[in-house]
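Following the hints, put chain F in place on chain P, whose structure we already have.
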Amino acid sequence: MLFDTFIAPFADFAFMRRALAGMFALAVGAPPIGVFLMLRRMSLIGDAMAHAILPGAAVGFLLAGLSLFAMAGGGLAAGFLIAIGAGLISRSTPLKEDASLAAFFLISLAFGVTIVSLKGNNIDLMHFLFGSVLAIDRAALLLILGITSVSLIVLALIWRPLVLECVDPGFLRTVSRAGGPAHVAFLGLVVLNLVGGFQALGTLLAVGIMMLPAITSRFWARDVTGMMAVAVIGAAISGYAGLLLSYHANLPSGPAIILVAGFIYLLSIAVGPFGGLIWLALPRRHLEA
Amino acid sequence: MPELRFRNLTLGYERHPAVHHLDGAVKNGALLAVIGPNGAGKTTLFRGIVGTLRPLAGSIECRRMDIRDIAFLPQVPDIDRSFPISVYDMVAMGLWRARGSFGGIGGKDRQAIAAAVAAVGLTGFEGRAIGTLSGGQMQRMLFARLLVQDARVIVLDEPFTAIDAKTSADLLELVRRWHSEGRIVLAALHDIDLVKAVFPETLLLAREPVAWGPTQEVLTSENLNKARRMCEAFDESAEACAVAAE
Numbered sequence: 001m002l003f004d005t006f007i008a009p010f011a012d013f014a015f016m017r018r019a020l021a022g023m024f025a026l027a028v029g030a031p032p033i034g035v036f037l038m039l040r041r042m043s044l045i046g047d048a049m050a051h052a053i054l055p056g057a058a059v060g061f062l063l064a065g066l067s068l069f070a071m072a073g074g075g076l077a078a079g080f081l082i083a084i085g086a087g088l089i090s091r092s093t094p095l096k097e098d099a100s101l102a103a104f105f106l107i108s109l110a111f112g113v114t115i116v117s118l119k120g121n122n123i124d125l126m127h128f129l130f131g132s133v134l135a136i137d138r139a140a141l142l143l144i145l146g147i148t149s150v151s152l153i154v155l156a157l158i159w160r161p162l163v164l165e166c167v168d169p170g171f172l173r174t175v176s177r178a179g180g181p182a183h184v185a186f187l188g189l190v191v192l193n194l195v196g197g198f199q200a201l202g203t204l205l206a207v208g209i210m211m212l213p214a215i216t217s218r219f220w221a222r223d224v225t226g227m228m229a230v231a232v233i234g235a236a237i238s239g240y241a242g243l244l245l246s247y248h249a250n251l252p253s254g255p256a257i258i259l260v261a262g263f264i265y266l267l268s269i270a271v272g273p274f275g276g277l278i279w280l281a282l283p284r285r286h287l288e289a
Numbered sequence: 290m291p292e293l294r295f296r297n298l299t300l301g302y303e304r305h306p307a308v309h310h311l312d313g314a315v316k317n318g319a320l321l322a323v324i325g326p327n328g329a330g331k332t333t334l335f336r337g338i339v340g341t342l343r344p345l346a347g348s349i350e351c352r353r354m355d356i357r358d359i360a361f362l363p364q365v366p367d368i369d370r371s372f373p374i375s376v377y378d379m380v381a382m383g384l385w386r387a388r389g390s391f392g393g394i395g396g397k398d399r400q401a402i403a404a405a406v407a408a409v410g411l412t413g414f415e416g417r418a419i420g421t422l423s424g425g426q427m428q429r430m431l432f433a434r435l436l437v438q439d440a441r442v443i444v445l446d447e448p449f450t451a452i453d454a455k456t457s458a459d460l461l462e463l464v465r466r467w468h469s470e471g472r473i474v475l476a477a478l479h480d481i482d483l484v485k486a487v488f489p490e491t492l493l494l495a496r497e498p499v500a501w502g503p504t505q506e507v508l509t510s511e512n513l514n515k516a517r518r519m520c521e522a523f524d525e526s527a528e529a530c531a532v533a534a535e
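Residue numbers (our numbering), protein chains in the order written: chain P, 1 to 289; chain F, 290 to 535.
A couple of the hints might just be wrong.
[What the hints assert, rightly or not] Listed next, the stretches of chain F that the computed footprint assigns to chain P, with coverage defined by at least 3 CB atoms under 8 angstroms from CB atoms of chain P: (1) 333-346; (2) 371-380; (3) 385-397.
[To be verified] Only pairs whose alpha carbons sit at most 25 angstroms apart, straight line, appear in this in silico SDA-like list of lysine to any residue: (4) F:K397 to F:D367; (5) P:K96 to F:L321; (6) F:K455 to F:S423; (7) P:K96 to F:D367; (8) F:K455 to P:V163; (9) P:K96 to F:Q400; (10) F:K397 to F:D369; (11) F:K485 to F:T456; (12) F:K455 to F:L321; (13) F:K455 to F:K515; (14) F:K455 to F:V487; (15) P:K96 to F:V365; (16) F:K455 to F:K397; (17) F:K397 to P:A289; (18) P:K96 to F:R304; (19) P:K96 to F:H305; (20) P:K96 to F:Y302; (21) P:K96 to P:D4; (22) P:K96 to F:T341; (23) F:K515 to F:S469; (24) F:K397 to P:L157.
[As the list claims (entries may be wrong)] Interface residues of chain P toward chain F, partial, derived using beta-carbon atoms under 8 angstroms: (25) E97; (26) L129; (27) R160; (28) L164; (29) C166; (30) P169; (31) F171; (32) T174; (33) V175; (34) A178; (35) P181; (36) R222; (37) V224.
Just so you know, the hints here were simulated from the structure itself, not pulled from any lab data.
The beta carbon of each residue, even a glycine, is placed where N, CA and C say it ideally should be.
Next comes chain F alone, as it looks inside the complex:
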């Protein structure tokens, strides 16, 4: 049974679609790469999935889920790095799903936080203010928070952009771990070789779906060229869409 289903989904801004007429389902345990040129609608799709953008038409069905079952790592996190908060407290925020506004943080929670910090290689950094972290350390910390969130669906928007090879490799191990645990992982990526090596399933977007299926079948040069051409088409004075929404 699919956990996430898109039905004739159109997402966008001010009536202009950024993702147009997407149909399909993400099955339980899927490891799905979402690829496409800049402006293809990857981030928009993720914003729709995590519920911060309402569809212009169609729907996203999340079976037996609420927003807390989805963990999201945005491409440019909206973090105030000057805020006086430690790495430990930032990672602990991942407990929101379990503890909410008032729940106490117990021994098991502290163990989970320590394990997550260790898994991303930040042991010893717990007391550091977040403003002192490098870009790679920041990304590691955000992955630790994802670990603590313990969500069924993990959505990563360009998680390996602007970080070095060692950090990417370490964080990729966590993605593999989540996949082996049966979680759904969706990741927007630009590195085609990485997608081929790690992700069994790919959605190629170019403001509308170009292809969706096993990675080898999707990543043909014909599809990639098609995506490039489609993404460059944008009409400021477009008419209302003729395809009826369901």
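Isolated chain P, as found in the complex:
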């Protein structure tokens, strides 16, 4: 019974195993980026960037059909272009970066949906917006693994300036010029991980596996490394449980994964040891000092 429920779907079907491996790889790469986005109060920037990759992926689709590398390449190009464009506009006009990103992502979303509709049908559009984690093949899996590896290495390289830029950007400016390059590299990682997640979860939900476990981690850990560990574990559990849920209840797999991540988030708001509502409600005696 337990085997049938928890193991058999993966033991019996290769597509389920590939989906699980893909979700685990995404769970290791994307949530640490999400933790930094949250700590930098850029949680919604991830959402904007996710929309921004749509027209690039759509142009790839228009030129080469449902080709993994054409769509990933197009998505990457569009994401970088918009991240850099929004940064440039915010530096040369009175607009802040979030405002220029908001403008860009709305244009991108409309443009992307229009391009997909030119060649594809509604099923293609659904694939773009919500992904198809069960269709992850060997090439897509390797792409996600590659992105996760690059992501972890670059994050290790820019760790210190990134933390400093979050907590005390003024200090970083007076001791180093690493802040700007670290910020650009970080935005690059955001785009890269969203393109990785795009295959499995589509442009609308890819940001979910990046942000929901990251936001949840704030209720379970006090320092950045602890938050990242919690976020990675939370994302892996969401991937596993979401795939099982979609298998047994015949639900679409991408939304099921994000729904599980959302459920863990809501649970954490209630019982998380750092700021969870239940601890605030429980009367506890204060300490002496």
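Same frame as chain P, now just chain F:
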């Protein structure tokens, strides 16, 4: 030999000067108070010295120095207090000059951090999140980071504002210590009595230099009145400056 020299320096924002035509030199080991009314250009001058504001004209020459030789404590630090980081890690950031992005933190570094935390009276607070500190404790922590930075030039922008007398006295001891170690210390201050008691040299600013020299000679009532009058003059539709930049 002066370590810091200002040559016809003009600093400002959108072509409006906030510090106009400053000439002079800060000698090695100087303990210099920079005083003047609000809006006199003290913070602007410091931003120019630490390199976060480019001169509109003239220059700042730092002999044999790069930005890492200057440690800066801003008036309102741009710190995200909700960020989950401990006092220890914040103080350790002062090691950037020596360790950069990748260098490991060794036993000597840990000793330096512990000594700095002890010197500001925060022993026992190392594991506390910065968001739980009071204003005075925060300032102590930032002084500990300055200690760890071990810089040749230390620039303090109103370091004793909004903190109690005990904390001010403790932190002032560190300023004296830096001076005795031969470092250059520049501090923007409003407390004239403190300046007279501790700082041998003073620069009185009022959007341009009013006087610069030994503190007793600078802090005359005539100079202070002059500074007050000058600071209140501001012309939104000013013509281009007629004094040629060098």
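Please write out, lowest number first, the hints stated earlier that are contradicted by the structure. Violated: hints 4, 5, 8, 9, 10, 13, 16, 17, 21, 23, 25, 26, 35.
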